[in-house]
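A.B. asks: These are the residues of each chain, in order.
There are 4 protein chains.
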Amino acid sequence: MERQNAGRIRLGMVGGGRDAFIGGVHRMAARLDDQFELVAGCFSATAEKSQASGADLGLDPDRVYDDFADMAQREARLKQGIEAVAIVTPNHMHYPAAREFLKRGIHVICDKPLTAALPEAKRMLQAAQRSEALFILTHNYSGYPMVRQAREMVAAGELGQLRVVQVEYPQDWLTEALETTGAKQAEWRTDPARSGAGGSIGDIGTHAYHLAGFVSGLQLEALCADLQSFVPGRRVDDNAHVLLRYVGGARGMLWSSQVAPGNENALRLRVYGDKGGLSWAQEEPNTLWHSPFGEPPRRLTRGNAGAGAAAARVTRIPAGHPEGYLEGFATLYTEAAAAIRAHAAGAPVPPEVIYPTVEDGLAGVAFVEACVRSSDRGGVWVKPAA
Amino acid sequence: MERQNAGRIRLGMVGGGRDAFIGGVHRMAARLDDQFELVAGCFSATAEKSQASGADLGLDPDRVYDDFADMAQREARLKQGIEAVAIVTPNHMHYPAAREFLKRGIHVICDKPLTAALPEAKRMLQAAQRSEALFILTHNYSGYPMVRQAREMVAAGELGQLRVVQVEYPQDWLTEALETTGAKQAEWRTDPARSGAGGSIGDIGTHAYHLAGFVSGLQLEALCADLQSFVPGRRVDDNAHVLLRYVGGARGMLWSSQVAPGNENALRLRVYGDKGGLSWAQEEPNTLWHSPFGEPPRRLTRGNAGAGAAAARVTRIPAGHPEGYLEGFATLYTEAAAAIRAHAAGAPVPPEVIYPTVEDGLAGVAFVEACVRSSDRGGVWVKPAA
Amino acid sequence: MERQNAGRIRLGMVGGGRDAFIGGVHRMAARLDDQFELVAGCFSATAEKSQASGADLGLDPDRVYDDFADMAQREARLKQGIEAVAIVTPNHMHYPAAREFLKRGIHVICDKPLTAALPEAKRMLQAAQRSEALFILTHNYSGYPMVRQAREMVAAGELGQLRVVQVEYPQDWLTEALETTGAKQAEWRTDPARSGAGGSIGDIGTHAYHLAGFVSGLQLEALCADLQSFVPGRRVDDNAHVLLRYVGGARGMLWSSQVAPGNENALRLRVYGDKGGLSWAQEEPNTLWHSPFGEPPRRLTRGNAGAGAAAARVTRIPAGHPEGYLEGFATLYTEAAAAIRAHAAGAPVPPEVIYPTVEDGLAGVAFVEACVRSSDRGGVWVKPAA
Amino acid sequence: MERQNAGRIRLGMVGGGRDAFIGGVHRMAARLDDQFELVAGCFSATAEKSQASGADLGLDPDRVYDDFADMAQREARLKQGIEAVAIVTPNHMHYPAAREFLKRGIHVICDKPLTAALPEAKRMLQAAQRSEALFILTHNYSGYPMVRQAREMVAAGELGQLRVVQVEYPQDWLTEALETTGAKQAEWRTDPARSGAGGSIGDIGTHAYHLAGFVSGLQLEALCADLQSFVPGRRVDDNAHVLLRYVGGARGMLWSSQVAPGNENALRLRVYGDKGGLSWAQEEPNTLWHSPFGEPPRRLTRGNAGAGAAAARVTRIPAGHPEGYLEGFATLYTEAAAAIRAHAAGAPVPPEVIYPTVEDGLAGVAFVEACVRSSDRGGVWVKPAA
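Chains as they are written, first to last, in full-length UniProt numbering: chain C, 1 to 386; chain H, 1 to 386; chain S, 1 to 386; chain Y, 1 to 386.
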């Protein structure tokens with residue numbers, strides 16, 4: 001998957017300064033396949049902090065900004081200005097930042113969830129639709145080869161008609177009131193103003209929801225949610241139980257939690273149809289279990305017999321040499337690069353190039369909004385906003 | 001756990017003839033610790049079939065019956081008549097059979113669920129309360145040593161205050177319409193007249209529900225259920241999704257399914273509190289995962305360091321030599337024997353002797369009834385009948 | 001696998017008194033399928049201890065002995081005397097005890113290893129060959145259904161020509177000098193006079209060696225062993241490393257250890273041929289991994305698709321309801337019963353009835369002797385005595 | 001672990017052209033933490049192929065060579081010439097290539113094994129010792145965080161005195177005669193002239209051997225090896241069984257195989273001492289099992305409670321987000337960068353910076369030579385050349 005001779009795409013970044021987490025992940029992901037070169041950034045709204053972060057990264061100080069609108073404006077004018085920007089701020093800043101770049105035709109690679117609230121998500125969709133630029137949402141778990149394999153198998157009918165989807169994403173890092181101890185990540189992720197009305201359901205439930213749809217191809221019809229904030233004083237949910245009804249009759253369950261001791265990032269998806277079942281777990285991402293009904297379960301692995309074209313396309317190294325989180329994340333960057341290169345050539349994005357879109361992002365925010373709405377009403381069935 | 005010198009308890013059986021499944025399990029379980037001797041049975045309502053089954057088992061033909069009321073009557077009059085009876089018929093026969101023995105003071109060991117319908121379950125409770133005899137319900141998973149260990153740890157506060165209970169019991173054997181092929185087990189288990197209004201939720205969901213309560217000690221307050229019959233023509237649910245609200249604020253999810261390819265008897269329980277989590281799976285029953293919050297997860301095993309008194313009491317062989325389903329089932333028989341011997345001595349059942357009761361059985365049937373009621377109304381929150 | 005009407009076989013026991021371990025296992029195993037009834041025993045050479053043990057078990061005091069030769073003599077004369085005897089003493093007593101019963105035509109079910117030393121093992125072979133009675137050696141792991149499955153698959157050529165056998169049996173219970181603390185099991189198992197010259201290699205290495213041969217069908221040609229006694233003062237090996245050369249060119253490695261912390265009874269066998277591989281672990285005995293070369297690995301489970309006739313024959317309960325150590329052990333008793341019944345009818349033992357023989361036992365003792373000999377000479381290649 | 005402001009180190013590469021495997025791995029590893037920039041290469045001895053590969057990678061054609069000596073000479077003269085070179089050719093070219101750079105003071109990052117044969121390995125040691133430049137050998141498994149954790153725990157005495165080391169590295173990709181089908185990787189790796197006299201033992205056995213020593217800190221005293229070429233016509237071993245005796249009395253077993261169906265890169269290390277055991281497997285690299293004797297086993301994970309300073313130092317992302325093979329490999333590059341920067345500053349390499357050295361490489365080649373020598377003599381105990 002290494003770059004083949006076409007030159008690196010010039011990348012900027014908004015957010016991701018010294019005390020951030022996801023910014024560094026995006027940078028490693030962007031570097032791995034050598035498709036991008038980070039050349040500009042607005043790492044903080046405080047000039048000194050932004051410059052310090054830019055200096056850490058070896059950037060030209062002239063291209064380190066403390067205002068993203070200013071960055072968008074000036075980069076758009078540069079002959080060798082950025083072609084794409086990674087938005088890695090807290091959720092509530094995604095839209096204000098992205099809009100500045102979109103309206104100047106700079107491609108946006110945006111962290112999830114799309115926005116903190118539904119109205120902004122709709123505006124993001126409009127902004128993206130009005131723009132010539134591409135919009136890539138980093139639901140990074142969709143970059144894992146064996147997730148691609150699962151999607152391909154479902155689409156090929158190997159499970160038959162789908163009946164049941166079980167998806168869960170438990171963590172334990174918010175079991176105690178970490179947000180009161182000065183931990184930045186915990187602070188903003190439990191602050192409705194920055195994170196949105198969903199806590200666990202917004203932060204990780206959206207990943208689970210996206211993964212389920214990405215693999216199954218199913219569309220949500222209605223849901224019934226029971227959200228809890230178990231930790232005293234917490235302003236957003238830290239545990240979410242959701243029943244799902246999909247168009248066509250399949251049923252599902254989704255569980256997200258940040259108060260389940262012993263769970264790190266235990267995202268797990270199981271899909272069952274009338275011909276077979278699949279099971280995949282993020283913490284062992286190189287394996288996909290396939291159980292054709294009436295036959296012994298098979299352990300499919302990345303890079304080996306049983307892994308098809310969709311997985312092979314995004315596989316870097318041989319079977320048994322585990323690829324991990326960064327590689328899956330990098331795949332989205334490499335997909336973004338392929339899309340951007342096609343776009344630059346005036347060609348459509350090739351069908352095998354797959355990444356989560358702004359529409360997926362809107363669906364995710366609508367999902368969170370529906371969960372909160374259902375739960376606020378006592379756990380009734382609701383439909384997500386169209 | 002072998003018998004120590006007190007003589008075997010004389011046991012009868014109702015049901016469990018040649019083409020049954022659970023009858024043989026009960027017999028093996030009753031034999032393992034040598035506490036019981038099967039001496040009489042009504043294995044079928046057809047005389048020849050009952051006699052043939054009795055002959056297979058080496059019983060005296062005079063004590064093989066084709067009518068359970070007759071059996072109860074005659075055994076009650078014998079000097080060396082049965083002291084206890086195992087009821088292993090389809091669900092709808094549990095009450096009619098048990099009542100005959102209870103009213104004659106013969107202890108009843110009854111398979112689950114207690115009855116096919118709620119009114120009968122209430123009558124069973126009354127019959128048991130009116131009787132001097134003991135009533136043991138074989139929710140056999142409560143006999144596994146590491147389930148006892150989990151219960152003991154929760155009770156000792158090792159998880160702190162409980163917050164979340166995730167329990168599931170998926171199978172795959174009814175993925176297709178097996179009940180139309182002449183398979184006896186599938187026939188009666190999908191027949192509402194014999195099995196009850198619950199399909200998967202009655203057959204295995206009750207096990208999951210009981211296990212969750214047995215370990216957590218939590219009481220159900222309300223539930224919201226979405227039941228499906230995915231297989232065309234099936235008259236009972238084959239997949240059940242249930243949200244749980246426990247008294248005191250804990251929340252739970254329960255999933256039972258008989259249409260999830262790749263799952264055999266994948267009963268799994270996870271319980272989380274503010275100090276730690278536990279995870280146990282029936283297919284690897286000798287292991288219990290304990291994750292104290294902020295410490296590495298520990299793999300506790302039957303018979304080894306970390307397993308306490310409650311597990312040790314029901315452990316037969318050393319760590320690493322797996323005990324399985326029959327041993328767990330046998331433990332309930334051995335608990336029953338301990339209770340019966342205490343009863344015979346006019347003593348109370350010792351507190352360490354633990355088995356599911358008729359009250360547990362009523363709660364299980366009320367749970368099933370509530371699930372069906374909730375789902376029939378479109379998936380609303382309901383309270384189980386008291 | 002329950003008894004079908006033929007009456008129980010009368011069983012005696014030598015050894016297995018109150019402070020023993022394996023005696024209780026034999027009794028549970030003998031009971032499970034209801035083929036045997038324990039009616040006599042010599043549980044100790046001390047009369048009071050033997051009587052106390054017999055009383056625990058509800059035996060007629062007249063049939064509880066303190067001298068096995070006396071027991072053999074008297075039982076042989078009884079009209080309803082024992083038909084078979086289980087020998088569950090320390091190793092050095094196997095031969096003296098077994099010989100008394102063999103010469104009186106009483107079938108012997110003997111714990112492993114066959115004897116403490118090679119000369120006795122040869123005498124045991126002769127005694128068994130001279131006797132009309134059957135001899136069954138309880139290498140109990142050969143009773144697990146998925147071990148039978150593995151054996152059947154190898155025999156059917158599913159692995160092609162065998163190349164490599166990896167077998168290991170690590171434990172940790174002798175990591176410290178437990179034998180100096182009064183622990184009976186540790187005492188005799190580390191005492192060369194009672195256990196034999198092999199420590200771990202005799203106690204558990206023989207199980208591993210037997211299992212490898214049972215499944216692979218390969219014959220040992222030569223071995224090279226490096227035995228160690230890591231615990232100061234220990235008189236027998238507590239760790240054994242052995243290289244194996246099989247007739248026909250396959251190669252193997254065998255590791256036994258009683259000083260490997262974290263291992264309970266981690267017997268594991270892997271067999272590789274030019275068409276595929278198999279892997280089985282005693283602590284998860286219901287699963288067998290099959291990896292046909294160039295295809296995804298398959299998880300075969302007891303009672304489910306992929307398990308063939310040999311496994312089905314010794315399976316009691318459905319897939320996903322784990323059978324464990326006692327069930328596998330019980331299978332050897334049930335095989336013994338089938339053989340004894342055939343013998344009583346003057347018929348040959350049916351070919352599907354499989355149990356380890358006195359010849360297997362001799363091979364095991366010869367293996368231990370060869371390991372000790374090889375190691376004593378500095379780790380040279382030696383051939384086991386024919 | 002991202003670069004902090006110091007500028008990238010200029011890197012060249014020898015080998016790693018279009019049809020290679022490990023070259024791409026080195027490039028991704030070098031990029032991940034942004035410490036290196038690839039600026040020159042001799043990707044093939046054929047000018048066109050080298051240029052084509054260089055063009056793929058976006059290199060300046062003037063800095064793409066077809067002769068490594070020429071490359072070394074010219075780069076050494078450039079003001080902005082390479083500071084380090086990655087040698088990723090087949091084994092027999094490691095020394096001829098490395099020597100050219102070493103003698104010009106260019107740091108060498110060399111793939112394993114050090115050389116194809118022992119005499120060359122000794123010359124490599126001399127060349128490295130005579131050079132001012134650093135020498136880093138990419139036994140990449142030593143870069144995994146939980147391998148660092150294991151090493152740190154052993155060094156801290158958490159296992160007590162070591163007794164037993166079990167290490168294995170089975171694969172299956174050479175189960176058939178792949179080298180006769182035109183597969184480049186199989187061709188050179190089974191060609192003694194390019195790979196060395198060891199087949200599996202040289203290609204992967206050296207990894208296993210290095211890992212065992214890296215974690216345990218033990219020194220090999222003697223070994224006894226039984227090597228086989230199971231595939232007809234194969235000129236090197238494809239399966240190796242080795243007994244190990246370490247200085248101080250610990251014992252070990254090493255198994256490498258390329259004909260074990262179902263194994264991908266199943267490198268696994270287990271180390272046991274008198275206080276506890278550790279187990280680590282390359283295919284689940286984020287987990288380390290720690291079994292303190294007499295306590296429940298603990299599952300230590302990268303980035304979480306129980307992982308200490310040595311692991312934390314080389315950890316990029318949070319627990320539960322798996323790091324894989326490339327990240328472990330990248331760690332060696334980042335260690336190399338730290339060493340190179342210290343060297344450039346005239347400072348010693350900091351003690352926490354850890355990478356395999358030329359001495360480790362010589363020990364590895366001596367190990368292979370000793371295995372071949374032992375096996376050729378029929379499997380006798382030999383000492384590796386000092």
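Accuracy of the hints is not assured; some may be wrong.
[Stated by the list, open to error] Distance condition first, Cα-Cα at most 16 Å in a straight line; then the derived EDC-like pairs of lysine to aspartate or glutamate:
| no. | chain 1 | residue 1 | chain 2 | residue 2 |
| --- | --- | --- | --- | --- |
| 1 | S | K275 | Y | D19 |
| 2 | S | K103 | S | E132 |
| 3 | H | K275 | C | E176 |
| 4 | Y | K49 | Y | D19 |
| 5 | Y | K275 | Y | E295 |
| 6 | S | K184 | S | D60 |
| 7 | C | K275 | H | E176 |
| 8 | Y | K275 | S | E132 |
Honestly, the hints are just simulated from the structure, not real lab data.
A.B. asks: Indicate, hint by hint, whether the structure satisfies it.
C.D. replies: Evaluation of the provided hints:
1. S:K275 to Y:D19: Cα-Cα ~29 Å, so violated.
2. S:K103 to S:E132: Holds - the C-alpha atoms of E132 of chain S and K103 of chain S are around 8 Å apart, at most 16 Å.
3. H:K275 to C:E176: holds (9 Å)
4. Y:K49 to Y:D19: holds (10 Å)
5. Y:K275 to Y:E295: Measuring from Cα to Cα gives roughly 10 Å; hence the hint holds.
6. S:K184 to S:D60: violated (28 Å)
7. C:K275 to H:E176: Cα-Cα ~9 Å, so holds.
8. Y:K275 to S:E132: Outside the cut-off at roughly 51 Å; violated.
In this structure, the earlier hints numbered 1, 6 and 8 are contradicted, and the remaining ones agree with it.
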